[in-house]
Amino acid sequence: MEMITSLLAGILFATGIYNLLQKQLLRIVIGTALISHGAHLFILTMGKLKRGNPPIIVEGVENYVDPLPQALILTSIVISFGVTSFLLVLAYRAAKTNDTDNMDELRGNENE
Amino acid sequence: MSNLAVLPILLPLLAGIIVAFFNTKLTAVRLFSRVVAILNLIVVSYIGWDVYQNGTIILETGGWKAPYGIVLVGDMLAMLLVITTNIIAVACVFFASKSLSDKKESYYFYTFFFLLITGVSGAFLTGDLFNLFVFFEVLLMASYGLIVLGGEKVQLRESLKYVLLNLFSSMLFVTVISFLYSVVGTVNMAQVAERVQEVEQKGILTTIGILLFFVFATKAAVFPLYYWLPKSYIVPNPVVSALFGALLTKVGIYSILRTFTIIFHHEVDITHQLFLWLAALTMLFGVIGALSTHNIKLIVAYNIIPAVGFMLMGIALFTETSVAGTVYYLIHDMIVKGALFLLVGAIAILAGTSDLRKMNGLIHHYPVIGWLFFIASITLAGIPPFSGFIGKILLMQGGLEEDQYAVVIIGLLTSLLILFSMIRIFIQGFWGEKDETFTPNKKGARGFTWPIAFLVFFSIYLGAGAETVYPIVEEISKSLLDPTQYIESVLKE
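Residue numbers (the numbering used here), protein chains in the order written: chain Y, 1 to 112; chain P, 1001 to 1493.
For the record, the hints were derived by calculation from the structure and aren't laboratory data. Among the hints, erroneous ones may be present.
Claimed, not checked - Partial selection, computed: residues in chain P whose CB lies under 7 Å from chain Y:
| hint | residue |
| --- | --- |
| 1 | Phe1130 |
| 2 | Glu1137 |
| 3 | Lys1153 |
| 4 | Leu1156 |
| 5 | Arg1157 |
| 6 | Val1163 |
| 7 | Leu1167 |
| 8 | Met1171 |
| 9 | Val1174 |
| 10 | Thr1175 |
| 11 | Tyr1181 |
| 12 | Val1184 |
| 13 | Thr1353 |
| 14 | Thr1449 |
Note that the structure is predicted; figures quoted are calculated from it, not measured. For every residue, glycine included, the Cβ atom is placed at its ideal position computed from N, Cα and C.
Please model the complete structure; the sequences and the hints are all you need to start from.
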């Protein structure tokens, strides 16, 4: 199970970086979203995958899931949600003001 | 256990939330922000004094015991940096109303400003790696808001790159933390340090350390990851540039300093040797950038990069003298970069252009700003008796003790070129014939002068009054090189 999720995280990272290196703005935003999904999946995998157990320590119960990765993912998801939505608005405004969504044309000149 | 440690985070956070509700009532908001900024400076100075007298203060948030919950660690290094941050905040809050238009101010400038201070203070104070990531995001979110404030064409274009790059490095940060968690099973810095020490930093941990270095190096603008910095730092308003230039890259350097003295210090031959060469290259490429342009804002922005190189050099050499040099340089650089960004911002507004070739004889119109700029420039270059000199002499001394002559020579050469790049602005912009057709804006200049003079005063004090500051820095350097102190103060309550 860990193997599969690790591979999936790797695929998400790879496709995310491929999209990040494109010229179209929207693709880049999608790329960042994919990378953050990969990172979240990776955190979950790193906390060891155990199914069917609660993340709560009760006295006498030996079998429980590590609650920390879940807390970390929750925080990280909220943050990346916020940043991605901000990035979408920013990309929209930037593309509208600069009349292009091509990163090559958004490079800018030295003196202006 | 002391609740004092949370105040430097809580006060600006509350202030930021309160001013968000009154964004259109500018007079009240300005007054309130100024009062809170000064109050905050007094509070953190008091906490700093308390830490100096009674030792590190630890706050286990929510009453969760040390390795399980999030801890805030107010040690001398963190407090010194928080105090410096608040000094810059006071100068910037007084400068803001002079350089921003009313409209920009009412678009939540003060909210973002206070949230930025919250994030920076939090990043300095936290003792938990994941919490460090969260505070990084807090300060980055605030900085995204500040960098697009105004929404000009150039701003939108450059902020896009800034946001994308920071987003990518944040995601890398999360990934690295989860790597580290899977290996050592904790994210509490003191416990990570303890466990890394137990296994004597095996190969995988060194790899994780270097990955972590790349994350922080992106934020700190170390060679070859600095290309995003200069342009994105000059597009926003001068006061925002000053906050960015003074605080943001320094948080990255602080994180490198913290992690690579307390946690990853067992394989110095691999990690710190790499840092040394990166430091030398950072200095050289940064200063070449500064010499390559005629835009005064860009010259100052490029000058951030060699400063990062100097601080990294101190960490790389890893001796008591050199780490003390890094800490001294860190404080000096925060203040002097704040002052310089405010100065070039003021000059650009007063002269109506930021192109050096179009300026001439400004000293006849604005003598005070001219001389303040001169002092700030030679402070940056490290001419005695100003503060840059103390930091640099410690770094050079550390380099000579370790027989790293090549890096010392590069460092000295870089200092000379920094001086050249700054004095070029002074000579071309301020010297020369008085332009009689130019009508100076004396009233505007006076408004700019006070906040800048405030920062320059601290800069001079750090140089001339080094005797009062140096013992504290030496103490910090000793505690950084002896991580058991930090580990014990956090884990043994």
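Verification of the hints:
1. Phe1130: Holds, about 6 Å.
2. Glu1137: The hint holds - Glu1137 of chain P has a Cβ within 7 Å of chain Y, the shortest such distance being about 5 Å.
3. Lys1153: Holds - the Cβ of Lys1153 of chain P comes within 7 Å of chain Y, reaching about 5 Å at its closest.
4. Leu1156: holds (4 Å)
5. Arg1157: holds (5 Å)
6. Val1163: holds (6 Å)
7. Leu1167: holds (5 Å)
8. Met1171: holds (5 Å)
9. Val1174: holds (5 Å)
10. Thr1175: holds (5 Å)
11. Tyr1181: Result: holds, 6 Å to nearest chain Y Cβ.
12. Val1184: It is violated, given that the least Cβ distance between Val1184 of chain P and chain Y is near 11 Å, above 7 Å.
13. Thr1353: With Cβ-Cβ at 11 Å, over 7 Å, it is violated.
14. Thr1449: violated (29 Å)
Of the numbered hints listed earlier, those contradicted by the structure are 12, 13 and 14.
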